[in-house]
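Colleague: One letter stands for each residue in the lines below.
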Amino acid sequence: MLQKSKRGWNVAANIVMCVLSFLALAPFVLLVIASFTDEQVALTQGYSYFPAKLSLAAYEYIAAQWEMLGRAYLMTIVITAAGTVLSIIMTALLGYVLSERNLPGRKVLNLYIVFTMLFNGGLVPTYIMYVNTFHLKDTPLGLLIPNLLMGGFNVMLVRNYFENSVPRDLYESARIDGASEFQTFYKIALPLATPILATVGLMTGLAYWNDWQNGLYYLSKKSAQYYTIQNILNNINENIAFLAQNASVGVNLSDLPTTTVRMAIAVVGVLPILIIYPFFQKYFAKGITMGAVKG
Amino acid sequence: MKTQSKPAAASASAQQARKTPLQMIVHWLPFYLMALPGVAYLLINNYIPMAGLQIAFKNFSYSKGMWESPWNNFANFKFLFATSDAFIMVRNTILYNVVWIALGMVLGVTAAVLINEVIGKLKKKFYMTVILLPYLMSAVIISYLVYAYLSPTSGLFTKALEGLIGEAPDFYQEPKWWPFILTFVNQWKGIGFGMILYLSSILGIDPSLYEAATLDGATRWQQHKNITIPLLKPTLIMMFILNLGNIFRSDFGLFYQLPMNQGALFPVTQTIDTYVYRALMRYNDVGMSAAASFIQSVVGFILIVTANKVVSKVDESSALF
Amino acid sequence: MKKVIALLLALVMVLGLAACGGGESANTQPPQNNDNSQNNDTPGGNDNPGGESSGDEGGLINFDEDPYEVTIQFVGLFEENSDIPAVEAALNEITLKKINCTVDIVPIFIGDLPTTTSLNVATGEKQDIVVAGLTSTMISLVSDDCLLPLDDLLAERGQAAMEVTKNVSEASKINGVTYAVSGYPYAALAAGFVYNKTMADQYGIEMHDDMTMDELTAVGEKLKENGMYLTTHGNSAQVQYKFYHGGDYFGSSAEFGGILDPANSTTVENVYGAQAMRDFWKVVKAWEDAGYLPVDQLTDTTTVQEHFMSQHIFGTATSYDPGQLASWVNDNFEAAVVRISDPIISTSSAAEFQLAISAKCERPDKAMDLINLIYSDNDVVNLLMYGVEGQDYVAVEGTENVITRSGTENADGNKYSSPFSRFGSQKQRKIIAPMTDSYYDELETFEASAKKSLTFGYSFSGDAYSAQAGAIASVLAERLPALNAGTVDDVDKAVDDLVAALEKAGINDCITANQEALDAYLAG
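Residue numbers (this note's numbering), protein chains in the order written: chain A, 556 to 850; chain B, 468 to 788; chain C, -8 to 515.
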């Protein structure tokens, strides 16, 4: 009876997931095919799953920048990795502290964080501060630190998880065993929070991976060697937007793939995430969580 | 650190009461130290630049800087009220947000519960990867794809409709479809994120609860109703309150790129953010955009504080602050 | 978001101008002599006597101090511009001797231009010579306090710059104060229609100057018989009318009103309510109904240029000057252009490309020295415009000033080029093939044939009316594209609705204020 119920759920779940997967996959496949479609065909007939003519022109256009792209991929990976690790540590620490219900000043601290999610000073003051006070201009730190390193939303998620999913007695028993506060955090709390930290890490990682604004503002021609993949792709994208708008550039536009290049850019930007993400998913699996630690 | 925690947990505060101030400091110091990196980062990244909020009330001059620029009181706010469409854009912004917040929770939790029921690691991984795909696409790309489906001449969906029922609407000229299209795309884009978010909370639920329920003969449905949902409640409440804070903001890319800037669709696609963009794109006025953002923040702040008050009356432990 | 704004702004401006190619003084010797810096060789017959001596004027230039490095914006796309150091080196040879400074060419993506300029002012990062008028109007830079007033500097050390741009200097002034120097001193501009000549010959279509809308309609009919579209207007919230009939408009889409006949009138009106505009839209609707325009114009993301180049449309209305055709030349077919309105010299054309000095410039005197040198030394101009001869471009044999990039490593313009930078006057610049040496004469003739707008030099600072302007821009974004594309059901009703909405948004307040300011300007 119970087994039956579980199997029933499994079937239902599979059906729903298949529908969702189809809805997600169908446009993505169209995106990939569009990136291989001949520009003229795309222009006159629109995108289709079975285009009349295929072409590699979009990828050839991107590949022309390959030398830069290689270095930029590396830069992106380094920044994304560093940013994500730092972010997880800071977020987990702060979230953990806030989940301590008896902490004096907890309410103020919570408000302190929520407030940052609502109000922001805008680009100009942020830029002035980072450039004039912290001298981040033209350094890789300009990619790492502004805006992306830690967000109030993630802190709240982690705090909420510690509050609701991690039993406090586990901490108490650790403390009684003579663990310091930091050891309690590191040895007990952190492993228990793997699922939420994986979620937060994923979101932060994606934010770093997809970011081009920091590169735009905090890098210049002097520091073009630090450009990330998104900076390059964004540059190509905007380059095309302008070439398309202005015929006086001396490029024969009919030979230049414009919309298909954007599709190709999207594919090139997403692909690495798709490769890395499945490895990341083990942290979403049950097993390292509660039961295991408790047992 | 003057604020003493309220005697929520009686025993703990009794414990505290017995401590001298020095003992208190020694006891809590490690916690403050652990919070320090995050607190310091927010101070630098968020609070110091908040001096820029005054730009909303100033006639900003780049060479004078924000402190020396002259005040112009509320002049920067005027443009928000100069339009006769103010009602429409506020209505759109709020309605879409309310529907999407609710729908996002329902669909996210459902998807999370269901994927947790899938047996087989590989399948699970596949679903999780694929369903997150839309989250990774930019608004521009999505707008191209939507157009590929809905274009009046070459759209895949319009052509299919024509084949099936003989005719298809001109989607880009008829506003009535867009509340549904926008809602669909929004949920389609967000469900992967919602699923993972709620899944991580579900994974945090003590498995022994389910085991006990199973022994008691509870069906899977009952287990979800009586264990999963109640235990997700704090997360849901928190998500709800946080989302309320953004109720005056909208996903600009979605509302601007997706309808391809079609004037005929403005009645259902104009939001506060798209209006601000359209009104200011020619002028690039820092003061005016700061003013718009300021109003959005203030409304969000009032809503969050109010919602938090209400929640804390009902259930102290679910309150944000 | 900022970036998107800047980008779209740039798109609007660029599309609006689709500017001409370069030019150079007809009597300049191409700088073949490597030793040019020594010669002080502004070519004979130069029309700017002041610059001739800029290197020699004792007292003005201090040759004893360490040379100051002057930065100058080089606005472009994402060209690699890897030849910049070579260009800088060649420039420094000249500048060190003449004005004791070195040059730092700072490439900037056009979409980032306004943000970069203003953020640099805000932080005080090094920034000397900036470009004004391109993508953001000079008046907005001035109201943001980004630019330095130049009158004293110009009088003291900018004789050549003043002389070359004297005909259009009013366009660089706001409330009587000069903030910039025009890079487009031959400022006459008309409306034109660029078309596919190969196609015209094939279908027996005759195109000529001063074509009327009716004649264009006849062309559209002939094209339709051959299954070809006349043109496309896209999803445009601009004053489409101006590409066919010219006119002077205040604000980017006549938010502050306009003058349809600027050579004869100084009355600012709500141009959207004008009968001429209504008639124009009726013609466009007739075109749309007759099938001369592509369906899907409103959702089409393909640009007019792309449609034209890939021969999906016959032609497009655009701004017209003697250099205009260069923008449309391509390998697939022969392009030609006819003029369809009278040429006018207006504030907006003169103010499109200007050089200005950043408000936080450390050494305004040195920046002005370089600006002045640009207007007096054609070698400097052509180095900045086209790079190093022999490396970035070569002269076309048998011509005086025609150059080409093909055959060099810079053939694709990636080593050194910028479609958006203009230095010096059109007469100082070389020109790119297939333009010919006759360009310089054509330029003179065209300029002489143009009437000056009665309001020349006047520009309206909409600062006090930005609230209304925002609401108006939103109304235009909603209602204008359908009218421009001819897809409305009833033109009269659509126009009446548009005018009513504009009035509700406060356009009449703007126009009244604009008229008052204009009257005061004309009186003073």
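The hints are simulated quantities; they were obtained by calculation from the structure and are not laboratory data. Hints are supplied without guarantee of correctness; some may be wrong.
The following residues of chain C were derived to be distant from chain B, with all beta-carbon distances above 12 Å [as the list claims (entries may be wrong)]:
| # | residue |
| --- | --- |
| 1 | D136 |
| 2 | I196 |
| 3 | E197 |
| 4 | A350 |
| 5 | E388 |
| 6 | D428 |
| 7 | D483 |
Sample of chain A residues facing chain B (criterion: CB under 7 Å; computed from the structure) [stated by the list, open to error]:
| # | residue |
| --- | --- |
| 8 | L575 |
| 9 | V587 |
| 10 | Q738 |
| 11 | Y741 |
C-beta: ideal position from N, C-alpha, C; glycine also.
Colleague: When the structure is checked against the list of hints, which entries are broken? Sort them ascending.
Modeller: 1, 4, 9, 10, 11
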